[in-house]
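Participant: Sequence:
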Amino acid sequence: MEKDLLEMHKNHLKNLMHEKRITDISFFNECFLPAYTYDAVSLEGKSKIPYEEVKKLIKYGEIARFDKREQKEVLNHVNCYNQILKWTSAKKDLTEDMIKDLHEMLMKDILVGGVYRNVNIQILGAIHQPPDYIKVYDRMKKLFSDQDLDNMNYFDKGIYLHAMIAKIHPFLDGNGRLTRLILNFYLIKSGHIPITIPLDSRTEYFNAIDIFKEQKDIMPLKLFIKNMLNKRYEELIDELEVEC
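Position one of the sequence shown corresponds to residue 1 (this note's numbering), numbered consecutively onward.
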């Protein structure tokens, strides 16, 4: 049923975009990108930059009264999102090296990015803990050589990679932001629109990821992503229909 609803929403939005001569999802970036970036850097509770200031930062490139690292996290995330749009336009598929490149861009002028962690880490309060750092390289190689991954459609592939990389936690920092960029890359590849995960959905989102980590059950995360996607479609459809 959710798949039918998704397809219905996708086709409805596509028809509205055609009527209004909107040729690309980048048309929606002015509203989407600040919200997506704000949610992405705030979801783990790190950033203290308010939403309205994130909008100004994206527009002007610097706001003197905020921490330099937090500003770089915002601007780097914007650059990463623009990069995945370029890759999808060029009809590329993600490789392990491209994901490392994306992480390096995400961490630019913050820490050394694109390199797998060489220490063990613990996530406070989590039942499942990331694997020993010695296993990270092999786990990532195995993930990207998995034949089942090649046989997945783009929609399922994005959700699976999101879940698996969150579980492996291959980098010291930025894993959550990275996995959500990967998810959006594949949503766009599958003909859908990108989504953001708002702060009021944080608990449900992390619970779904934890279920996958602990039980290898991806369905709660998949259902959550579908619900977020349907809500996003409904918002955009309502906006375009009001303008008719």
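Because the hints were derived from the structure by calculation, they are not lab data.
Take these hints with a grain of salt, some might be off.
Straight-line Cα separation of at most 20 Å, PhoX-like style, residue types lysine-lysine; simulated pairs [stated by the list, open to error]: (1) Lys14 - Lys226; (2) Lys72 - Lys55; (3) Lys216 - Lys14; (4) Lys68 - Lys55; (5) Lys56 - Lys72; (6) Lys222 - Lys91; (7) Lys100 - Lys72; (8) Lys100 - Lys142; (9) Lys86 - Lys108; (10) Lys20 - Lys48; (11) Lys56 - Lys68; (12) Lys135 - Lys216; (13) Lys10 - Lys189; (14) Lys222 - Lys189; (15) Lys216 - Lys10; (16) Lys216 - Lys231.
Participant: Each hint: holds or not?
Facilitator: Status of the hints after comparison with the structure:
1. Pair hint lysine 14 plus lysine 226 holds up; C-alpha atoms about 18 Å apart against a cutoff of 20 Å.
2. At most 20 Å may separate the alpha-carbon atoms for a hinted pair to count; lysine 72 and lysine 55 meet this at roughly 14 Å.
3. Between lysine 216 and lysine 14 the alpha-carbon distance is near 35 Å, which puts this suggested pair outside the 20 Å criterion.
4. Only pairs whose Cα atoms come within 20 Å are accepted, and lysine 68 paired with lysine 55 is accepted, the gap being roughly 16 Å.
5. As the CA atoms of lysine 56 and lysine 72 are separated by approximately 14 Å, the hinted pair is consistent with the 20 Å bound.
6. Distance check on the hinted pair: lysine 222 and lysine 91 sit about 24 Å apart at the alpha-carbon level, beyond 20 Å; violated.
7. At most 20 Å may separate the alpha-carbon atoms for a hinted pair to count; lysine 100 and lysine 72 meet this at roughly 18 Å.
8. Of the pairs offered as hints, the one joining lysine 100 and lysine 142 holds, with about 15 Å between alpha carbons and a cut-off of 20 Å not exceeded.
9. Restraint check for lysine 86 and lysine 108: the C-alpha separation of about 19 Å stays at or below 20 Å, so the hint holds.
10. Of the supplied pair hints, the one linking lysine 20 and lysine 48 is violated, its CA atoms being roughly 38 Å apart against a limit of 20 Å.
11. Of the pairs offered as hints, the one joining lysine 56 and lysine 68 holds, with about 15 Å between alpha carbons and a cut-off of 20 Å not exceeded.
12. Between the alpha carbons of lysine 135 and lysine 216 the distance comes to roughly 18 Å, so the proposed pair stays at or under 20 Å and holds.
13. Annotation: proposed proximity of lysine 10 to lysine 189 holds, straight-line Cα distance about 13 Å (limit 20 Å).
14. At roughly 17 Å between alpha-carbon atoms, lysine 222 and lysine 189 fall within 20 Å of each other, so this suggested pair holds.
15. With a CA separation close to 29 Å, the supplied pair lysine 216 and lysine 10 exceeds the 20 Å bound.
16. For the given pair, lysine 216 sits about 26 Å from lysine 231 by alpha-carbon distance, which is inconsistent with the 20 Å threshold.
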